[in-house]
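Undergrad: Residue strings, one per chain:
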Amino acid sequence: MSLKGKHLLCTQDWSLEELTKVLELAVDMKNERWTDKYAKVLDRKTFFMFFYNPSVRTRQSFEAAATELGGHAQFLEPKSMRLKTKKSAGETVEDAAKVMSRYACGIGMRILEDKVGAYGEGQALLEEYAKWSDVPIVSMAHDTFHPCQGLADVQGMWQHLGRENLKGKKLLQVWGHGALARSWCSVQESMLISSRFGMDVTVAYPEGYDLDPKVVEATKKNCEANGQKFEISHDPVESYDGAHVVYSRNWMHADTYHDGEMHKAEEVERAMKLTDWICDEEKMKRTENAFYTHPMPIDRGHEVSDGVASGDRSIIYDVAENRLHVQKAIMALTMGDM
Amino acid sequence: MSLKGKHLLCTQDWSLEELTKVLELAVDMKNERWTDKYAKVLDRKTFFMFFYNPSVRTRQSFEAAATELGGHAQFLEPKSMRLKTKKSAGETVEDAAKVMSRYACGIGMRILEDKVGAYGEGQALLEEYAKWSDVPIVSMAHDTFHPCQGLADVQGMWQHLGRENLKGKKLLQVWGHGALARSWCSVQESMLISSRFGMDVTVAYPEGYDLDPKVVEATKKNCEANGQKFEISHDPVESYDGAHVVYSRNWMHADTYHDGEMHKAEEVERAMKLTDWICDEEKMKRTENAFYTHPMPIDRGHEVSDGVASGDRSIIYDVAENRLHVQKAIMALTMGDM
Amino acid sequence: MSLKGKHLLCTQDWSLEELTKVLELAVDMKNERWTDKYAKVLDRKTFFMFFYNPSVRTRQSFEAAATELGGHAQFLEPKSMRLKTKKSAGETVEDAAKVMSRYACGIGMRILEDKVGAYGEGQALLEEYAKWSDVPIVSMAHDTFHPCQGLADVQGMWQHLGRENLKGKKLLQVWGHGALARSWCSVQESMLISSRFGMDVTVAYPEGYDLDPKVVEATKKNCEANGQKFEISHDPVESYDGAHVVYSRNWMHADTYHDGEMHKAEEVERAMKLTDWICDEEKMKRTENAFYTHPMPIDRGHEVSDGVASGDRSIIYDVAENRLHVQKAIMALTMGDM
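Protein chains in written order, with the working numbering: chain A, 195 to 532; chain B, 195 to 532; chain C, 195 to 532.
Errors might be hidden in some of the hints.
Each pair may be met inside one copy or between any two copies, as identical chains are not told apart.
[To be verified] Okay, derived cross-link-like pairs now, DSS-like style, lysine-lysine, Cα gap no bigger than 27 Å in a straight line:
#, residue 1, residue 2
1, Lys325, Lys231
2, Lys361, Lys458
3, Lys408, Lys325
4, Lys292, Lys479
In short, the hints are calculated from the structure, not lab data.
For reference, chain A alone in the conformation it holds in the complex (with noise of 0.2 Å):
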């Protein structure tokens, strides 16, 4: 099974073999980062970033990973490029990706929410490039889905419940309130492997506060597929009983969108009325005393408390240096010599 030249927009378009692949690898080079092993797998090639919209750890950890295997990850802002758009005159993406092609082993894109005009136009974009590149194109999280931070909620998962121990887990994934109106894209990603991996998913949100129902309806053949559960539950408390995972997350109303515009002002206002909606001590006491994850940046006094964030069974800094071996793992057998 080679993996040379693959896409990568969302776990789900992936087998489970091949994901497994990428996770015994980014493991391995967990172990084996300050060794030689892996130092010449991108020797003195060049990968591309495309920030549509910033970031803090997903340049630094892709960047970082390009370094450590002996290559590089240039940072590129597209306000500097001159793409064709509906109303300037520009490059075309056959020919922008044809050219990249010819100079880098691979291209990440990132383009949230914000930057388009409604939900899953970034998917498109992402789905036009990986048409003309001849390199792989990875998300570096995008409107929808987000595999990387996906992968790397699995890798945290596997070492803190072991790695033969996800099957008929709970995994709770928890709407938090706050002022950030956040995109779907991890939390979507996150539903859909980590059902993948055989872990019973609960997804607890307000009323109103849907995700993309294509989504819920993966997630839940993906349950089906080998008898684990799947519920919605639109209470902020009772949704943590029994939960041995709980993973907490502020995401936009679907609302949020309308008249081909984000109306981020509005969701902020609807999402800070509900305070009811934050991971604490006190609601982490109905669990089977569960490991606490984000994606972070963390919005705390918001989606989490201090006390929870900062507690014995919070795995997100482990979680975040993942992003770091899975984004080697899925470069390395992508684009490199293995």
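Got chain A sorted already, so can you dock chains B and C onto it with the hints?
TA: Chains B and C in isolation, oriented as in the chain A frame:
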């Protein structure tokens, strides 16, 4: 013959022998791209890239070039430099160049028409840097010239016409309409270098879109020196007759600058009316089954039709790739350990 | 004595023995710049550079330093980080520092007066990062100190006066007029470190341009400890008498900050009137044929005349080059595999 330490502002400043040495190395570097042959040429050395203007290709290809030679290119934007100007206190070019020479093995600069008060000021700035710098200054495109593009063009013709077959072949450089009010630099460089390498040159454009008379004069002399033909045409159709290579490109009218400023809106209005000036399949039929080239990014539908740009005689992606190879060769010969 | 893991916010926090170790290594790294001796010290490691303020020298020299040691420095601007502030939701320093420690071997930070509400807040921010980070925090210049510049200054004096000859030599640090309202950091660091290394220190400036009293006090004590002289002068001419090294620099009046804001226009107006305060050939005649230095970039015609800055006793470019060497030494000792 050593090129170590030599500045490159325009190919016309270098001998034919020197340019040939660069191209021969570029061809070898293309073949040996992933072997160790050139892996240490810029080992741990730093190349500075100054972008007064943003760029797609140029930044990507220079940064990748440094990486592939074992070095690193820093992406620098002068807005973050406190340089002295007529209006504000700051550092002189003398001081900036002298200090940068202590850190870097070479300095690339990109400054186009819209960042200067009048045509020629970009060239003057590069000459000022070259005066003070102890390391090579390389143009990454400036208002008058674009030597790396010119070399990449010739490498493309070597690839597709055969190195020995350029002599007496007709290169048509033809103006294209569009809304981009482009620099003269690429087309002027191509006229100069193509005539050095033995081609007959026809430059075709609407009345009034004259280029720099000094460059036209130098191109004529280049042609006369070896008995080649030089022609200026204002016919958007018949100029194609007998061409072996067609190079289409928009460029701005000389009047775009007046009263010390660039008047882009005026120029776009003027240029967009000249819709006869597009390279399309009909016109290409008049040629000797010509190759199609363009320095990219292309403004499809204005400079060239989709059919020609994506057609089987188009060599645009190969020429774009050559930017990488010639830039590696230039860096290796002027800054590297060869 | 190991420096591994140590933060560097100010040279005063380190022992003389530790600083000497850095300088000795910097001298050796200058000699061995292109040999393999230090080529693997940061092999494939990542250093983060946070620029709250833009920079010329600092970015160039730190990024080149990492490259020359086999690693890579990422250029990061906090505007692209969603950090928590009084006004907006975002990530805490605790979380940012903890995660960055998983990716990088060290973190550099630059934050000057105009990015903080009051003098000292930059120092407080660096201390907050140092509190949470598991990897070294290195100041790349902040409102109070600039340790890398101070070390580069001393390396320059070692080069030109001789390492054994600093004792009892007079260093004049003299204010220069100009429109830049510069930070106190470089001059304060130089006072502290020069007095540690045995020099007599005279600080000369117009009435009212007092520096941080705590730094003045510490410099006095440094001098007293070894029987050296410390002097404050308000004479723009006689202060030159007997100097062995003259260091001119503009800095802002303490009143530039009031009502929680920086009032730059006021300060520029005040400073530009004090035209006696320029280091020129006439004044240099009063010295013991002193060397001239400056942390750069220089504001020629205000801080210093062209004749002095470009004269044969000027060591400005050597000192600027030393930034590279001391930074490599600091990174090697605190973050590297030595």
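Undergrad: Against this structure, judge whether each hint is valid.
TA: Do the hints match the structure? See the list:
no. : hint              : verdict
1   : Lys325 <-> Lys231 : neither (33 Å within a copy, 34 Å between copies)
2   : Lys361 <-> Lys458 : neither (38 Å within a copy, 63 Å between copies)
3   : Lys408 <-> Lys325 : within (23 Å within a copy, 45 Å between copies)
4   : Lys292 <-> Lys479 : between (54 Å within a copy, 26 Å between copies)
This entry does not satisfy hints 1, 2, going by the numbered hints stated previously.
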